[in-house]
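Peer 1: Following the hints, put chain B in place on chain A, whose structure we already have.
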Amino acid sequence: MPPVTLNDIELDRLGLETPISRIDRALKQLWEGDEAKTRASITNLAIYTEDSCQLMADNELLDHVAAQHACRALLILALPESQPPRARAWIQALCRPYQGKQVVCSEQISFVLEGGDATQVQNIVFANLDSDLPLVVWWQADLAKNFEEHFYSRIDTLIIDSSRWEDPARQFDVLLAALNSETGGFDVRDLAWTRSHFMRTALATCFQDATACHNLSKLQTIRITHRKGQRTAALLLAVWINQRLKGELKLELIEKETGPALQGLVLEGPGVRGEVRRECESCFVKVSSTCGEQTREELLPADVDTDAELVTELLSRFHGSTLYSSMLPYVRSMLK
Amino acid sequence: MSELENPFQETLLSRHRAEPCTVVIFGATGDLTHRKLIPAFYNIAAEGDLPPQFKVVGFARRDKTDEVFRAELETGNRQNSRQGHNDELWKSFSQSIHYHRSEFEDLEGYKALGRLLDQFDAERGAPANRLFYLAAAPEAFKPILEMIRAAGLNEGKGGKWARVVCEKPFGKDLASAQSLNSVVAATFAEKDTYRIDHYLGKETAQNIMVLRFANSIFEPNWNSRYIDHVQITCAENLGMEGGRGGYYDTAGALRDMVQNHLFQLLTLVAMEPPTDLSADSVRDEKVKVIRALRPLVGPEAVGKNVVRAQYTAGSVNGVARVGYRQEDRVNPESQTEPYVALRLMIDTWRWQGVPFYIRVGKQLPKKATEISVHFKRPPQVPFATAGMLKNSENTLVIRIQPDEGIALRILCKQPGQAMRMQQVKMDFRYSSSFGKASPEAYERLLLDAVAGDATLFARRDEVENAWKFIDEIEKAWHKSDTPPTMHEYPAGSWGPKAADDLLRADGREWRLL
Chain A
57 MPPVTLNDIE
67 LDRLGLETPI
77 SRIDRALKQL
87 WEGDEAKTRA
97 SITNLAIYTE
107 DSCQLMADNE
117 LLDHVAAQHA
127 CRALLILALP
137 ESQPPRARAW
147 IQALCRPYQG
157 KQVVCSEQIS
167 FVLEGGDATQ
177 VQNIVFANLD
187 SDLPLVVWWQ
197 ADLAKNFEEH
207 FYSRIDTLII
217 DSSRWEDPAR
227 QFDVLLAALN
237 SETGGFDVRD
247 LAWTRSHFMR
257 TALATCFQDA
267 TACHNLSKLQ
277 TIRITHRKGQ
287 RTAALLLAVW
297 INQRLKGELK
307 LELIEKETGP
317 ALQGLVLEGP
327 GVRGEVRREC
337 ESCFVKVSST
347 CGEQTREELL
357 PADVDTDAEL
367 VTELLSRFHG
377 STLYSSMLPY
387 VRSMLK
Chain B
29 MSELENPFQE
39 TLLSRHRAEP
49 CTVVIFGATG
59 DLTHRKLIPA
69 FYNIAAEGDL
79 PPQFKVVGFA
89 RRDKTDEVFR
99 AELETGNRQN
109 SRQGHNDELW
119 KSFSQSIHYH
129 RSEFEDLEGY
139 KALGRLLDQF
149 DAERGAPANR
159 LFYLAAAPEA
169 FKPILEMIRA
179 AGLNEGKGGK
189 WARVVCEKPF
199 GKDLASAQSL
209 NSVVAATFAE
219 KDTYRIDHYL
229 GKETAQNIMV
239 LRFANSIFEP
249 NWNSRYIDHV
259 QITCAENLGM
269 EGGRGGYYDT
279 AGALRDMVQN
289 HLFQLLTLVA
299 MEPPTDLSAD
309 SVRDEKVKVI
319 RALRPLVGPE
329 AVGKNVVRAQ
339 YTAGSVNGVA
349 RVGYRQEDRV
359 NPESQTEPYV
369 ALRLMIDTWR
379 WQGVPFYIRV
389 GKQLPKKATE
399 ISVHFKRPPQ
409 VPFATAGMLK
419 NSENTLVIRI
429 QPDEGIALRI
439 LCKQPGQAMR
449 MQQVKMDFRY
459 SSSFGKASPE
469 AYERLLLDAV
479 AGDATLFARR
489 DEVENAWKFI
499 DEIEKAWHKS
509 DTPPTMHEYP
519 AGSWGPKAAD
529 DLLRADGREW
539 RLL
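Chains as they are written, first to last, in my numbering: chain A, 57 to 392; chain B, 29 to 541.
Think of the hints as simulated: they come from the structure by calculation, not from any bench. Remember, it's a predicted structure, so these values are computed and weren't measured experimentally. Where is the CB? At the ideal position from N, CA and C, for every residue including glycine. Be aware that one or more of the hints could be misleading.
To spell it out: a stretch of chain B is covered by chain A in this simulated footprint if at least three of its residues, at any positions, have a beta carbon under 8 Å from a beta carbon of chain A; those stretches are [what the hints assert, rightly or not]:
#1 73–79
#2 113–122
A few chain A residues facing chain B, derived, Cβ under 7 Å [said to hold, decoys possible]:
#3 Pro136
#4 Thr267
#5 Gln350
#6 Leu356
#7 Asp361
The shape of chain A in the complex, shown without the other chains (with noise of 0.2 Å):
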């Protein structure tokens, strides 16, 4: 398939195309026309790709995004490749309907930077956020490139999919050097091991009551199935799982081509099974533990999988956590 490029993309689907120096102002006249709207945000969500084809869909996860957690949105498509260097941006806002009357609205800024490197970047973003907000950067591209320490020295909370990764190795290095390094203080959030936050809350309820529990010591392996492409999340689980139970059981990651991204866990032993399964339409997982001659079942949310609803559900759990860093060499490891 031929490469998209900007010709091909509906940019004015970005809103109101504006030039750089006058955003502020261009922003104060979106608002100066109706006043039944009222614009909210409590932090500044950026959104950072390389690939053009994601321009668009990223547009919507805004919108989706913005709907549940008002937000100044910075939307950056960079192509350092392309020439001759040019920056275009597009304002608009992403509204909703508020006790009927009013529309509570979110600001969104998008750029396109053609032959735009970290430093335009960089300051593209300093450059347009909502002061005393805090800065959640979802990126999206290598980290190895664009991704230096001045820019995430002020960064609150990154988000990385690492699923998406074609070289996970080398990016997990990045993001421990990021995070190792002096400034590296922000928090990470990887919606590959968002995606397993069903599957680990289900997992818990397995082996919630005592004769479980007691059993858990017998447990020897772990079936993990996937959708193609999540590979990363099955790992990162089987990790959590190891690290929990303090041992190391026997992996089998099966892939399927279709289906939720995650779509079975089963842990095994003798005369114990704990076992959450997700079918593909349902919003619901069955979950069944056995121990001896007792089974159990129940039915549990699946959570979310689109990337619109991990990102809304991310931003709803904002407390900083360290389990997920305390993993990643673990994960590193398993990936060689």
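Peer 2: Here is chain B on its own, set in the frame of chain A:
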């Protein structure tokens, strides 16, 4: 890590996940169960927070099967569930619901309940916790608790707990509350007694502590040096619709709202910082506030500081309304107050000289509950005359319902050559900043009860001290030779003139909502 801890749970939740539990609801065929309790449990299930192997048993007098009971609850859930109704989830969730028919006074019925609970435990393979929820009429509390004890259901089995949740009203005066507390205490330990006040489950009520103790700009100013006064308003634009008059006319605004909900808000605003967030640390501080309320003893003190009133015929938002005494099931000669306003003083170092004005009423222009903290004016404002500063003090408003949020009123210079000031409002609204709906108060409180967190529930001494204070006012109203006047206000107005005068005498005004 002990052998029996679930290692998978530890890293998942910011709160502790509750263990397997059976909830028995007494008065299960009532409105509360259909409108609030079951939809709350259903929504907890939809969030995946329900304890595993959870069971609900509805306990009531009418004869019906599990299937009929589930079908009735399904109808209620479709109408009242915050997250809507999903057939697949309901099918799974409803399997955990059972019905048990018995009279409240029939010991055999409780013994049969015990056998049913044992059967559930046998199916689980281990004993589970037991939560008894008293959603029946208050007069049934005593026989229910006595029968629970007589049937031996008040003791947990196999190291598990048994708890009780009591719905309001918790007594109608100090004597009845003490009596009820004695009955409860004879059946359950105080640590296992959860007196519910759904106001404390509201997001903004919980946010009061965060606002005060997590923001360094507020706490240093949160005292008599900087705060002029505090107002707490709970306005309702309805009257006695739906047959409420029968109960309400025996209670009145003071007992129905002030003793519990508004005193809870008052304590959250006025309490000292707790040493930690344990239930008793928080509740210790709240009790201190109630104990420090300056008593209003005798008709004179009550008359000077409390205004009671009944509404007369009028209209609310264009709709004609009858007067209170003409309402359905209300005594035509009723001396019950659907409106009360109070001036309260808290005799602590922090609040010396700062009045807390509370008002609650029916048939007012709008439905709103909010707390407003009115700061003192600066000692001198060089660019304003005294008249320009009228009603322009900095005001922090905490909106409890509807439209939960926080607003701060400040003065700004108007644009232009002249030095003119203008009041402006910085407004934070939960619903516009967080698109995600807050959980219903009952969801939070039920989850706390099954997880063993009593922070948002009232403790015995809290309830009794509140009644002790309220009783003196009731005594002055109903047992003195010179009772203070019962004022009137037209339905749809903001209350009687006497309530305005209560503040005017102090050089203040009620905030315009």
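Peer 1: Each hint: holds or not?
Peer 2: Hints and how they fare:
1. 73–79: Per the Cβ count (4), the hint holds.
2. 113–122: Coverage by chain A holds here, the residue count being 5 at a Cβ distance below 8 Å.
3. Pro136: violated (35 Å)
4. Thr267: holds (6 Å)
5. Gln350: holds (5 Å)
6. Leu356: Cβ of Leu356 of chain A sits 5 Å from chain B, so the hint holds.
7. Asp361: With a closest approach of 15 Å, the Asp361 of chain A hint is violated.
Comparing the model with each numbered hint stated earlier shows that hints 3 and 7 do not hold.
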